[in-house]
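*Asks:* One letter stands for each residue in the lines below.
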Amino acid sequence: MSDPSRETDVELKARRGRNIALALGLVLFVILIFVVTIIRLGGNVTNNPS
Amino acid sequence: MAMSQALPSARAPARWQDFVQLLKPRVMSLVVFTGLTGLVCAGHPINPVLAAIAILCIAVGAGASASLNMWYDADIDAKMRRTRSRPVPAGRVQGADALALGVVLSLFSVMLMGMALNWLAAGLLAFTIIFYAVVYTIWLKRWTAQNIVIGGLAGALPPVIGWAAATGTVPLNAWLLCAIIFMWTPPHFWALSLYTSEDYEKAGVPMMPLVAGAASTRRQILVYSLLFVPVCLLPAVTGLGGAPYLAVAALGGAIFILLAARLSRSHAGESREQRNDDGLYDVRAGAKDARNLFAFSILYLTLLFATLLGEHLMGVQTLELLR
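Here the protein sequences line up with chains L and D, keeping their order. The numbers in my numbering rise by one with no breaks, and the one at position 38 of the first sequence is 194. The numbers in my numbering rise by one with no breaks, and the one at position 41 of the second sequence is 24.
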């Protein structure tokens, strides 16, 4: 008899898909914050009169 | 909260696509389009990457409020044909997960908008999310037949947010774009509800045809249409639209009023015959006029904003008939 607490293939596949989507979202978030920082900081450095 | 008890427990494992569906991608694309129009019409030089981030924030904010809406409305979504296959009522996603996604994305979109663009745009975005999720979804939708009239403000604000993101200000022309969508919402949704009211009846949502009757709804659609079309002409007076816009607004507006007048003389919304399938365009014979106005309202709004967007991208001379 199979163990009901074990994940089925469908559940494992769905979880893997969710994990990959979450990982991509986090990487995108890091890239976004980096790009925004560079643009905002860069603009302020360029505008600095000293 | 009684709502959370009504949520079914998850039956099938949630796929990442289910979480995308929580964000209502089709509504998101409309919001991106109107937000972009506001941003471009502002006519202010802006870093293209920051402009893209502003649009991303508007899109994610819209998705967040959609997710919060799907969390709270799971009980009524389960009763309506059009919405019962959504991830939460279908049991593919837990209500708590939809709530968490909505809250996290709301915070993300508002904070990023504030840090990357400005806090006026971020404040307007936060207001829009709260207005849609709390004022419309939790309060107005189940309480009054004026739900979509007042709640329509949430759908009308994205061009103002786009404008604010580009300039840090919200002048009259930005509010004019908001007014166009705001006045468009009642005739658009009431035309739809004339032939989907049995769904709303089952769910206990007080849409206008159920509360005031079909005849009153048809009259109100005509009144709102007569008020809406002049508002659409205003951008040609305030220096926002050019000659092509005036032509599109006037010609489309004439058709809009004609269709609304035809609908007011029809018997749309009065037949109780059952429909054959779940399609939005499959309507009872008497409701064809309602479907025609509903379909044309989408085309008209799209054409208005596309013309404004095209004019500002191509540098077409705007009209200032009042000056």
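Any given hint could turn out to be false.
What the hints assert, rightly or not - Quick partial rundown of chain L residues pointing at chain D, CB under 7 angstroms, derived from the structure:
no.: 1; residue: D165
no.: 2; residue: G173
no.: 3; residue: R174
no.: 4; residue: A177
no.: 5; residue: G181
no.: 6; residue: L182
no.: 7; residue: I195
What the hints assert, rightly or not - From the derived model, a few chain D residues whose C-beta atoms are all more than 12 angstroms from chain L:
no.: 8; residue: L82
no.: 9; residue: G196
no.: 10; residue: L234
no.: 11; residue: R245
Said to hold, decoys possible - Derived CB-CB ranges, DEER-like:
no.: 12; chain 1: D; residue 1: W122; chain 2: L; residue 2: V183; range: 33 to 43 angstroms
no.: 13; chain 1: L; residue 1: I176; chain 2: D; residue 2: L296; range: 34 to 44 angstroms
no.: 14; chain 1: L; residue 1: N204; chain 2: D; residue 2: V32; range: 17 to 27 angstroms
no.: 15; chain 1: L; residue 1: V201; chain 2: D; residue 2: W102; range: 14 to 24 angstroms
no.: 16; chain 1: L; residue 1: P205; chain 2: D; residue 2: I113; range: 37 to 47 angstroms
no.: 17; chain 1: D; residue 1: W102; chain 2: L; residue 2: G181; range: 16 to 26 angstroms
no.: 18; chain 1: L; residue 1: V191; chain 2: D; residue 2: V3; range: 38 to 48 angstroms
If you're looking for bench data, these hints aren't it; they were derived computationally from the structure. Every residue, glycine too, gets a C-beta built ideally from N, C-alpha and C.
*Asks:* For every hint, state whether the structure bears it out.
*Replies:* Results for each hint:
1. Taking 7 angstroms as the C-beta cut-off, the interface hint given for L/D165 is violated, the closest approach to chain D being about 10 angstroms.
2. For L/G173, the shortest C-beta to C-beta distance to chain D is roughly 5 angstroms, which falls under 7 angstroms, so the interface hint holds.
3. Nearest Cβ of chain D to the Cβ of L/R174: about 5 angstroms, under the 7 angstroms cut. The hint holds.
4. A distance limit of 7 angstroms between C-beta atoms decides the matter here; for L/A177 the minimum to chain D is near 4 angstroms, and the interface restraint holds.
5. Taking 7 angstroms as the C-beta contact cut-off toward chain D, the hint placing L/G181 at the interface is violated, the least distance being around 10 angstroms.
6. Evaluation of the L/L182 hint against chain D yields a violated restraint, the C-beta minimum of about 11 angstroms exceeding 7 angstroms.
7. The interface hint given for L/I195 holds, since its Cβ lies 6 angstroms from the closest Cβ of chain D, which is under the 7 angstroms cut-off.
8. A cut-off of 12 angstroms between C-beta atoms confirms that D/L82 is not in contact with chain L; the least separation is 17 angstroms.
9. Listed as outside the interface, D/G196 is consistent with that label: its C-beta sits roughly 47 angstroms from the nearest C-beta of chain L, beyond the 12 angstroms cut-off.
10. Under the 12 angstroms C-beta cut-off, the non-interface status given to D/L234 relative to chain L holds; the minimum distance is some 42 angstroms.
11. Residue-level check passed: D/R245 sits 47 angstroms from the nearest beta carbon of chain L, beyond 12 angstroms.
12. For D/W122 and L/V183, the Cβ-Cβ distance of about 38 angstroms falls inside the hinted range of 33 to 43 angstroms, so the restraint holds.
13. Against the hinted window of 34 to 44 angstroms, the Cβ-Cβ separation of L/I176 and D/L296 comes to about 37 angstroms, which satisfies the hint.
14. At roughly 21 angstroms, the beta-carbon separation of L/N204 and D/V32 lies within the given 17 to 27 angstroms, and the hint holds.
15. For L/V201 paired with D/W102, a C-beta distance near 22 angstroms keeps the hint of 14 to 24 angstroms intact.
16. Between L/P205 and D/I113 the beta carbon distance is about 41 angstroms. The supplied range of 37 to 47 angstroms therefore holds.
17. The hinted window of 16 to 26 angstroms between D/W102 and L/G181 holds, with their beta carbons roughly 25 angstroms apart.
18. A hinted range of 38 to 48 angstroms for the beta carbons of L/V191 and D/V3 is inconsistent with their spacing of about 23 angstroms.
In this structure, the earlier hints numbered 1, 5, 6, 18 are contradicted, and the remaining ones agree with it.
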